[in-house]
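Student: One letter stands for each residue in the lines below.
Protein chains: 2
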Amino acid sequence: MSNQPQKKDIAKVPEPTLRRLPWYLSNVKLLKQKGEQYVSSTQISKEINVDASQIAKDLSYVNISGRTRVGYEVDALIEVLEDFLGFTDMHKAFLFGVGSLGGALLRDSGLKHFGLEIVAAFDVNPNLIGTHINGIPIFHSSEFVNKMKEYDVHIGVLTVPIEIAQQITDTMIAGGIKAVWNFTPFRIRVPENIVVQNTSLYAHLAVMFNRLNFNEH
Amino acid sequence: MSNQPQKKDIAKVPEPTLRRLPWYLSNVKLLKQKGEQYVSSTQISKEINVDASQIAKDLSYVNISGRTRVGYEVDALIEVLEDFLGFTDMHKAFLFGVGSLGGALLRDSGLKHFGLEIVAAFDVNPNLIGTHINGIPIFHSSEFVNKMKEYDVHIGVLTVPIEIAQQITDTMIAGGIKAVWNFTPFRIRVPENIVVQNTSLYAHLAVMFNRLNFNEH
Chain A
1 MSNQPQKKDI AKVPEPTLRR LPWYLSNVKL LKQKGEQYVS STQISKEINV DASQIAKDLS
61 YVNISGRTRV GYEVDALIEV LEDFLGFTDM HKAFLFGVGS LGGALLRDSG LKHFGLEIVA
121 AFDVNPNLIG THINGIPIFH SSEFVNKMKE YDVHIGVLTV PIEIAQQITD TMIAGGIKAV
181 WNFTPFRIRV PENIVVQNTS LYAHLAVMFN RLNFNEH
Chain B
1 MSNQPQKKDI AKVPEPTLRR LPWYLSNVKL LKQKGEQYVS STQISKEINV DASQIAKDLS
61 YVNISGRTRV GYEVDALIEV LEDFLGFTDM HKAFLFGVGS LGGALLRDSG LKHFGLEIVA
121 AFDVNPNLIG THINGIPIFH SSEFVNKMKE YDVHIGVLTV PIEIAQQITD TMIAGGIKAV
181 WNFTPFRIRV PENIVVQNTS LYAHLAVMFN RLNFNEH
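Protein chains in written order, with UniProt numbering: chain A, 1 to 217; chain B, 1 to 217.
Mixed in with the good hints there might be a few duds.
The list treats identical chains as interchangeable, and a pair is accepted whether it falls inside one copy or across any two copies.
Taking lysine-lysine pairs in the DSSO-like style, the calculated list, with each CA pair at most 30 Å apart, reads [claimed, not checked]: (1) K32 / K46; (2) K178 / K46; (3) K34 / K149; (4) K12 / K46; (5) K147 / K57; (6) K34 / K46; (7) K178 / K92; (8) K57 / K29; (9) K92 / K29; (10) K32 / K57.
Derived by calculation from the structure, the hints in this document are not laboratory data.
Throw the hints in and build the complete structure from the sequences for me.
Tutor: Structure below.
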């Protein structure tokens with residue numbers, strides 16, 4: 001018998017579910033602040049306008065069971081959701097490209113509360129190398145492979161200019177990075193076993209501008 | 001005859017299309033740097049792994065036509081895409097909640113290159129009120145309604161704690177904000193005519209952690 005989790009225990013949870021679970025978490029945290037001890041999926045449903053049956057289905061991926069009539073225990077649900085979403089483990093990351101957005105992310109200590117700790121950043125700008133932002137050291141990009149040996153890092157945050165987005169991604173992966181959080185508007189290509197999470201603020205802006213424009217005419 | 005665009009001219013473009021168009025834009029910008037003058041959807045397709053027919057369909061929303069065999073003119077395509085995506089107009093915005101993420105967004109001058117200018121921020125922290133970040137003034141939240149008269153703003157960026165996310169949203173909308181860029185993990189409720197763009201970094205982290213965990217077992 002092994003203590004390692006087995007493949008079947010780690011479900012590949014559908015992305016829409018993973019995107020909704022943080023809504024439930026923030027909602028249940030609010031209920032806790034209001035002094036509630038139990039919460040039902042019907043209650044959450046009323047607050048956030050998602051079907052109660054969908055909520056119950058999403059929560060079925062999480063290892064918690066509700067009690068008939070009273071629902072889920074608030075404290076237990078928060079703990080289990082934070083753990084399930086990976087917010088209680090600290091995942092170390094390197095950031096590549098300390099430009100405007102990269103620098104902003106280094107200053108956002110809030111990511112730590114959700115399980116992401118950026119431990120070092122890389123750039124080629126001589127004015128940045130050797131300095132710190134928010135306590136995080138900035139190294140020359142050529143030091144990446146060395147630093148991979150020093151830190152236990154699996155995640156790379158990509159905030160470089162689009163011209164070098166693919167090249168830096170390839171370097172990251174060759175160095176052992178397993179997941180790329182891509183903030184560039186560039187569609188990077190990676191091998192099948194590498195995780196990519198695209199967060200293009202500019203694509204979100206484009207959607208918002210289009211909808212706003214549509215409503216105003 | 002009126003010069004105003006008519007409702008039918010402003011198509012409600014499908015969200016997946018709006019999310020892909022910035023990929024094409026960044027790709028075509030790269031081709032321009034490499035000295036290319038024409039680009040076909042087949043060429044873009046090879047670079048970014050999206051079907052050429054899908055690309056042609058997406059580009060059909062944009063007012064540009066390709067020429068048989070040579071494809072789209074690179075300069076024209078960049079111009080038309082940037083314009084279509086709203087990146088060439090400057091959209092003014094207020095930011096609500098100058099915490100860690102809010103402060104980081106104020107420091108990200110990159111948003112300006114994609115059509116968003118944060119012109120003022122609001123908070124209740126006495127240490128922040130009256131100061132500037134990256135040249136952007138921070139006012140007390142109670143001044144919001146006054147400042148709406150002073151600035152021509154339609155967009156509100158929401159980076160407050162979840163406990164007050166709904167309340168601040170309601171205040172924004174009552175004051176005349178037409179679109180909310182919601183960075184909180186809280187699912188805000190708004191009237192039908194108000195645009196909401198959710199960008200929860202934490203939900204993206206949850207997806208990335210789950211996929212990474214899945215791959216590692």
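Student: State for each hint whether it applies.
Tutor: Hint by hint, here is what the structure shows:
1. In this assembly of identical chains, the alpha carbons of K32 and K46 lie at most 30 Å apart only when taken from the same copy (16 Å versus 51 Å across copies).
2. In this assembly of identical chains, K178 and K46 lie within 30 Å of each other by CA distance solely across copies; the values are 24 Å between and 39 Å within a copy.
3. In the homo-oligomer, the alpha carbons of K34 and K149 never lie at most 30 Å apart, since the shortest distance is 47 Å inside one protomer and 36 Å across protomers.
4. Proximity of K12 and K46 under a CA criterion of 30 Å is satisfied in both settings, with 28 Å inside one chain copy and 29 Å between copies.
5. In this assembly of identical chains, K147 and K57 lie within 30 Å of each other by CA distance neither inside one copy nor across copies; the values are 42 Å within and 45 Å between.
6. Proximity of K34 and K46 under a CA criterion of 30 Å is satisfied intra-copy only: 16 Å inside one chain copy versus 54 Å between copies.
7. In this homomeric assembly, K178 and K92 come within 30 Å of each other (Cα to Cα) only inside a single copy, at 12 Å, whereas the closest approach across copies is 38 Å.
8. With identical chains, the CA atoms of K57 and K29 are at most 30 Å apart within one copy only, with a shortest distance of 20 Å there and 44 Å across copies.
9. Taking the closest pair of Cα atoms, K92 and K29 come within 30 Å of each other only inside a single copy of the chain (25 Å); across copies the shortest separation is 33 Å, beyond that limit.
10. When the C-alpha separation of K32 and K57 is checked against a cutoff of 30 Å, the pair qualifies only within one copy, where the shortest distance is 22 Å, while the shortest distance between copies is 48 Å.
The structure does not agree with the numbered hints 3 and 5 stated previously, though it agrees with the rest.
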